[in-house]
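Protein chains: 2
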Amino acid sequence: MSKKSKALVLFSGGQDSTTCLAQALHDFPGEVEAVAINYGQRHQIELKQAQIIAKLAKVPFQIIDFPLLSQVTKNSLTHHIPIEHKEGQLPSTFVPGRNLLFLNMAAIIAYEKNIRHIYTGVCQTDYSGYPDCRDNFIKSAEQTLNLAMETQVEIHTPLMFLTKAETILLMQNLGKLDWYQHTHTCYNGKRPACGTCPACILRLKGFKETEIIDPLDYEVQ
Amino acid sequence: MSKKSKALVLFSGGQDSTTCLAQALHDFPGEVEAVAINYGQRHQIELKQAQIIAKLAKVPFQIIDFPLLSQVTKNSLTHHIPIEHKEGQLPSTFVPGRNLLFLNMAAIIAYEKNIRHIYTGVCQTDYSGYPDCRDNFIKSAEQTLNLAMETQVEIHTPLMFLTKAETILLMQNLGKLDWYQHTHTCYNGKRPACGTCPACILRLKGFKETEIIDPLDYEVQ
Chain A
654 MSKKSKALVL FSGGQDSTTC LAQALHDFPG EVEAVAINYG QRHQIELKQA
704 QIIAKLAKVP FQIIDFPLLS QVTKNSLTHH IPIEHKEGQL PSTFVPGRNL
754 LFLNMAAIIA YEKNIRHIYT GVCQTDYSGY PDCRDNFIKS AEQTLNLAME
804 TQVEIHTPLM FLTKAETILL MQNLGKLDWY QHTHTCYNGK RPACGTCPAC
854 ILRLKGFKET EIIDPLDYEV Q
Chain B
654 MSKKSKALVL FSGGQDSTTC LAQALHDFPG EVEAVAINYG QRHQIELKQA
704 QIIAKLAKVP FQIIDFPLLS QVTKNSLTHH IPIEHKEGQL PSTFVPGRNL
754 LFLNMAAIIA YEKNIRHIYT GVCQTDYSGY PDCRDNFIKS AEQTLNLAME
804 TQVEIHTPLM FLTKAETILL MQNLGKLDWY QHTHTCYNGK RPACGTCPAC
854 ILRLKGFKET EIIDPLDYEV Q
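Those protein sequences? They're chains A and B, same order as listed. First residue of the first sequence: 654, per my numbering; consecutive thereafter. First residue of the second sequence: 654, per my numbering; consecutive thereafter.
If you're looking for bench data, these hints aren't it; they were derived computationally from the structure. Quick reminder that beta carbons are idealized off the backbone N, C-alpha and C, glycines included. Please note that the accuracy of each hint is not assured.
If you only want the chain A side, here are some residues facing chain B, beta carbon under 7 Å, derived [to be verified]: (1) 749; (2) 753; (3) 754; (4) 757; (5) 760; (6) 761; (7) 788; (8) 789; (9) 790; (10) 793; (11) 794; (12) 801; (13) 802; (14) 803; (15) 849; (16) 850.
DSBU-like cross-link-like pairs, simulated, lysine-lysine; straight-line CA separation at most 30 Å [claimed, not checked]: (17) 843(B) / 861(B); (18) 766(A) / 708(A); (19) 657(B) / 861(B); (20) 792(B) / 657(B); (21) 792(B) / 792(A); (22) 858(B) / 829(B); (23) 792(B) / 766(A); (24) 858(A) / 829(A); (25) 792(A) / 766(B).
Examples of chain A residues lying across from chain B (beta carbon under 7 Å, computed) [stated by the list, open to error]: (26) 681; (27) 750; (28) 784; (29) 785; (30) 796; (31) 797; (32) 800.
Make the full structure from the sequences, and use the hints.
Structure follows, in structure tokens:
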């Protein structure tokens, strides 16, 4: 490529996208931007934490308002529906079509800003039944977006095949473990984190396997 | 399929999507809904006409507000940039990533309403350089959406390989030519239509080839 490459990170303020941000900065130093989508998630604290981390990482950061999802869908992340996961069903936290919308918006911003690389923290290993976190979906989305816009955007998913523990070790290698104290994971929207919801339990399990101490504060762990 | 099939039409109030609406009603009588996306197009008259036609067709109709596109992109349909098309470049009316966003939103609505069939009026024949009107894009989008949501949505594009003249003949066969008097085509947003912009000229050329009279009112033709 003749032009200097730039990267855009889909950034939520969670542990995974924060690790992606560190990876993108490692791959494209000084050429990274971050974008978050405000889709009406119950816990606006996520976006507040995203802002804190972007500042720490010294990357331009924008929040795109996208209220549509909470208008047309019903799920635990955008409405007050109990979190549950029945055998053989998609979990109630599934927002259908969400990741493609996010990638599509990231690709539009990338198109306008002449950015070729998009990073997203989706992960097949711990995907909990979300079909739009799988590698075959991402490959298909990359092709579809490039056909739509006659571009050659590359979607990077550095966490795709990592366990939570391996993600933490990656972050340690990238030298940014301290950023984790600002990330938000808790489904109950608590800071200090509740330590008892499925998201907190998964996170704590990952740290336990690595024998690294989670810099985040918890109520119980 | 055990359940009765339903169809959702991506509907703009233009000639093509109105033809799609008629086709969908022919294929799935009494089981059709229509949705329009308000993405900040310069001519809100399109949506007003869409409402008139949906009422005539007796189909439920909803408008989804989606201001994002006009925030993040610059083009002739959403900003006051002169309409032009330089050789070897995408036309200035191209809204990058638009059709995938529309299909994605239609697929989310379809998911929530248990609708399997989506109709869109995209057309490769007259595509004027829009990559996201081509058949290979639609096939790829269908696959990506189904991977994202674990669905079996079918995207119908009855106009894909038709010329403007053939689209008009299709509408004649469907017995709904009179709906065309309410459709909106003019890039200058005029009713009566200006008759001189590229969109009006293309439309009039189509009618001329069929020897059918366009029921729409024009200033000049």
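Tested hints:
1. 749: This interface hint holds because 5 Å falls under the 7 Å limit.
2. 753: Because about 5 Å separates residue 753(A) from the closest Cβ in chain B, which is inside the 7 Å limit, the hint holds.
3. 754: holds, 5 Å
4. 757: holds, 5 Å
5. 760: This hint holds: residue 760(A) lies near chain B, its Cβ roughly 6 Å from the closest one there, short of 7 Å.
6. 761: holds, 4 Å
7. 788: violated, 10 Å
8. 789: For residue 789(A), the interface hint holds, since the closest Cβ of chain B sits about 6 Å away, which is under 7 Å.
9. 790: This hint holds: residue 790(A) lies near chain B, its Cβ roughly 4 Å from the closest one there, short of 7 Å.
10. 793: holds, 4 Å
11. 794: Holds, because the Cβ-Cβ distance from residue 794(A) to chain B comes to roughly 5 Å (cut-off 7 Å).
12. 801: holds, 4 Å
13. 802: holds, 5 Å
14. 803: holds, 5 Å
15. 849: With a minimum Cβ separation of about 30 Å from chain B (threshold 7 Å), the hint on residue 849(A) is violated.
16. 850: Not OK, violated: residue 850(A) not within 7 Å of chain B, min 25 Å.
17. 843(B) / 861(B): Holds, at about 21 Å.
18. 766(A) / 708(A): Distance ~20 Å between residue 766(A) and residue 708(A) Cα, so the pair holds.
19. 657(B) / 861(B): violated, 40 Å
20. 792(B) / 657(B): holds, 24 Å
21. 792(B) / 792(A): The hint holds at about 14 Å.
22. 858(B) / 829(B): holds, 20 Å
23. 792(B) / 766(A): holds, 27 Å
24. 858(A) / 829(A): holds, 20 Å
25. 792(A) / 766(B): holds, 27 Å
26. 681: violated, 21 Å
27. 750: Cβ of residue 750(A) sits 4 Å from chain B, so the hint holds.
28. 784: holds, 5 Å
29. 785: Since chain B brings a Cβ to about 4 Å from residue 785(A), closer than 7 Å, the hint holds.
30. 796: At about 6 Å, which falls below the 7 Å cut-off, the nearest Cβ of chain B leaves the hint on residue 796(A) intact, so it holds.
31. 797: holds, 4 Å
32. 800: With Cβ-Cβ at 4 Å, under 7 Å, it holds.
Of the numbered hints given earlier, the model fails hints 7, 15, 16, 19 and 26; all others are met.
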